[in-house]
Amino acid sequence: MHLRVSIRAVTLAATGLFVVSACGPGGTTSQNLAAPDKQVINMNDGTEPNSYDPTQQTYTYEAAVGRNVFQTLLSSNAQGTDVVAAGAESYKVSDDGLTYTFKLRSGAKWSDGKAVTAADWVYGYKHLLNPALAAGYVDPFFDTTIKGADGYADVDVSKASAIDTFLSSLGLAAPDPNTFVITLQHPAAFFKWVVTLWVASPIRQDVVEQAAGGTFPSSDTTKPEVWAQKAATIIGNGPFKISEIVSKDHVTLVPNPSYWGGAPHFQKIVLWFIEDANTAYAKYQTGDLDAITVPLANVDVVRNDPKLSKEAKVYPKLTTFWMTFNAQKTPFDKPDVRMAFAKSIDRDKLNKQVQHDIQKSILSFIPKGMAGYDESDKAQSYDPTAAKALLQKAGVTADTLNKFKLLTRNTTRNKTLNQFIVDQWNNNLGLNMQLEVIDSKTVTSRIRKGNFDIYGPDGWGADYPDQQDWFDIYFKNSCHSLNWGCVDLPGYDDLVKKADSELDQNQRNKDYATAQKQLIDQAAVAFIFQDYEYNLIKPYVGGLTITASDDQSLPGDLFWHDAYVTQH
Amino acid sequence: MAVVAGRPKRGALLPKRVAAVTDSRLGSLGVYVVRRILWMIPIVFFVIVITFVLMHSAAGSPWDKAGGRQLSQVVVDNLNKKYGLDRPVFEQFLLYIWNVLHFDFGLSYQYQGKSVLELIAGGWPYTATIGVLAFLLIVPIGVGLGVLAALRQNTRVDYATMGFATFAASFPNFVIGALMIVFFSVLTYGWTGGNFFLPAGGWGMDDHLIMPAITLALLPIAYTARLTRASTLETLRQDYIRTAWAKGLPERLVVVRHVLKNSLIPVVTTLGPTFAFLVTGSVIVETVFSIPGIGRAFVVAVTSRDYPMILGTTVLFSIVIAIANLVVDILYVFIDPRVRLT
Amino acid sequence: MALPVAVVEAAPIDWEVPEEQIGLWQDAWIRFRRNRLAVLGAAVVLFLIAVAVLSPLLVHFGLLASPLTQHVESIETPPGVNGHPFGTDILGRDTLARLMVGSQVSLTVGLLVQGIIFPIGLAIGLTAGYFGGRIDNLLMRFTDIWYAFPDLLFVLVVVSVWQLKGPWYLQLIPIFGAIALVNWVGLARLVRGQVLSIKEKEYIEAARSSGTPPLKLILKHLLPNSIGPIIVTLTFGIPNAIFLEAVLSFLGVGIQPPQPTWGQMVADGAEAIYANPSGVVFPALAIGFTLLAFSFIGDGLRDALDPRMRR
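Chains as they are written, first to last, in the working numbering: chain A, 1 to 568; chain B, 569 to 910; chain C, 911 to 1221.
Check the hints yourself; a few may be wrong.
[Unchecked claim] Capping the alpha-carbon separation at 25 Å, the derived lysine-lysine pairs in DSS-like fashion look like this:
no.: 1; chain 1: A; residue 1: Lys230; chain 2: B; residue 2: Lys682
no.: 2; chain 1: B; residue 1: Lys633; chain 2: A; residue 2: Lys449
no.: 3; chain 1: C; residue 1: Lys1111; chain 2: B; residue 2: Lys815
no.: 4; chain 1: A; residue 1: Lys147; chain 2: A; residue 2: Lys109
no.: 5; chain 1: B; residue 1: Lys815; chain 2: A; residue 2: Lys159
no.: 6; chain 1: A; residue 1: Lys223; chain 2: B; residue 2: Lys650
no.: 7; chain 1: A; residue 1: Lys310; chain 2: A; residue 2: Lys38
no.: 8; chain 1: B; residue 1: Lys633; chain 2: A; residue 2: Lys476
no.: 9; chain 1: B; residue 1: Lys650; chain 2: A; residue 2: Lys449
Calculated from the structure, these hints are not laboratory results. What you are looking at is a predicted structure, and each value in this text was computed from that prediction instead of being measured.
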């Protein structure tokens, strides 16, 4: 077995022992640090988390809190190229790829001072995988990988005994307090990334049960969550802990005094829940917020402002957007027709003008910044003449197409983009299609039923920087559940499944590249842009490690432990 | 000529002591209040029925996400089981009524584990503070401007008031809010080098309250002013007022003693529901100024299909508006003694 | 046995009658015409209606820029740049053209909604106020329920059931319904309040005891004396309806873009308020002028209908 060499890692023998030195606290000393009482930072989380239990969280605005208050076994390095040790010091994978043995971090402590043990990890994973709690991130990351979890869908959640049987059958073991063993159903080279998902955190059983007033049957759905309602009972193993939650207003993080990695510099991180982007923009200018994402409408204002333009920068995200066609409706079952539509969008105008040159055009699937990014296949590039020819070749008339509508979610950004895109289609293909702007939940319920013609912009943000996370969107049986258009790509499923379980990284990359080419050439969807964020960050915020995996509008939130405020 | 015997009055057969109370002016008012409060029960019930039916008819489920990875069918099924959504709608309805009678309004779908009562009780003080503040601006300014404009009809004062009223009504409150933030927060911050500026939203029992309250109050002030003006103009034309002028009574006396009371009926009619709307919050003002109140609660609940929150906020609002209308009706009696309530 | 009652034919009394007997409404029209501001208001309204009707023709004949053509190289430009007298919007479309064509939707929404609210609110308010008693109680409790009616939910349901198809005037129907349905309650309660306070007055008593039928009593005596606040409510309802259309579109239910409406232009302009404040100001001014015009008309109407004013 041959492991890919990563930049920071040192690979040893064929047993695959994997060690990386963890980031120490603070790093260098000469950064002009502000006094501790000024080490306060205010950022905008946008929306209040629905839950503070990391295992139950699903949105990026929740992840920011979850991943700083709790810590997973492994985490991503700053470049997104490989994993580094976090809650676990090291891990080894058995030769058959089925057993992952994690040596837990010695000296790791909870925010109340107690040591983190393997039993806590087992309890956390079981909490995540309890079908009665219906955590959003279980499928497909955990129920398709961990041994025994493939029965997740069949458990009768009203019966505590059925749940208990299921949970005890899972491949999760704690042979000793410092070792956590996960057994898989089948080999999966990407599993090391799965354990970096912030939902896979340890949980303290005694804290949960005390808050619930005692033990409770596994089928109970409210008692297991009581502990996550109040700041005082949210005990985590991450670099920060929650000191106060003011509902709908803000949540405050302070250092976890017992964190193994030493104290962070920030003494307070206040995450506000400001929904109006212009209000956040105003608050940045009055000093109430230290970092924001510039609303698209204000991009040029910032660019032309002598002071603000110095504080603003564009950062890539591992997110791609595309337009989806309902392949169950003729003529969108024909790749030529879909390609015609893909080739009649002037992405230059879309991204340079309408999106103020923040987002960047893309003609392929995997975004820049991730392994697998490949811009060589330009089959979907803008060419209205070729597009018209493709339509004619497919024998499709304007009348058939004019009945179709572009289903649009009712956000300003989507409305603006889609008005432009449908205008492009109308002008370049001689059509007269209309938009259909509807409430977002109604849109979701319609695409789940396949009740749409064209839908977009649809997108995907990497859960982790491994291509496995991306390609299963277009599986045949993801029809109505991610593959909204129900596109049928011959040979695709087998190719991707092979790549998913392949252990040789080179071979995986080759297979995924072939799959990507198929997506582009068959115009499964029309790729339009990669998402970039235009952020304003106050100059006195230092030491931020900004990655493409940061949670939205919260620059550097994966590495806040190392950041600081400089004197100003 | 035949003598037609009338039906005995309602309280005619009550024992003397009770009748003494209920027949007195205050007493009959008390009876009226009690009857109206009892009427709130069927009102709330019907509101719940309507809301229940509409909720379950709207497309989209609470578990459809706005974008990105959707929840798998398994998880959706388990969530439906968790919240009892897999049961027939009628059964859910009965269960809800039963719980409401025990003051249990259920748990929110969106904010896991939090009860609806807790969320509403937590957010209401913020909303109500700003609402009451706005109301305290609306009543004196709105009524005052309206009376003034009426007394000085077709003069510059009148035109100025009308101009202001039109201006205030031409801009929806999200624009007014945004404009205020631009001026009083951002630009003022720039002009005074960061020394004097109003905070751009957020909560605080200090200058954080100024802009949201004004934004909330502006349109109601305009409407109240115009309404008061129209009503006052009509009162001013009454014969007994003209008699008062003819008698040479001072303007202030006439206005306060006679004109004001008689013009107030339509004003009070609209101020009641206005108060109810203010106190249950404006989604727009709370979004623009980032107030952690319940004004957004209803809209957010509807867009995320958080059924218990939809029901909870709607019930709250129906109670508040019923009380507001009750107060208005009682005020009618005090303002214009000729008005007879039944 | 009936007593003989002498029937005396009285001689016709010579009242001092003006030369012409005119009805209330004709009288009102003459007085309205004399009110300069009211006439100005009426002129503005006629102008707006003309704009609404003619602007598509102007676009068709190239006299006006198209409200739909996107010039993405000049997004959110201020007035006067690149030949756009009022500037451009978020996709580079000419604001003046959008303002003019948008008057179609906005005027229709503003006026027609009031046209629906007026009879409903009036009828219910008059009935409740005049008859009092149980009828008043039932009707008012009905309005209490209606006040709490979850209008947003209702609109969502209507939209999911009746997918917005077709040209803008068809799309408007469920939106009208939704807006009107919710907003009649205020008018009803207002009217009822007026009626309650007026109906006990002496001249009403007089009219009633002289045998005037209830309907005539209501229409000829109660209504004109309470018309002032009603008119104010209706005129303020116009911008209210225009903005409600925009708010509904925020929530995903409204006129489908790219059809311009003043309300949506204000909403879109508010987002870009730092980049191009004129984007908000122009549609707001349009709405303001409309409201002003109708306010003048309303004031003129009220003055004209006031039976106490001398000719």
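Tell me, in ascending order, the numbers of any earlier hints that this structure violates.
4, 5
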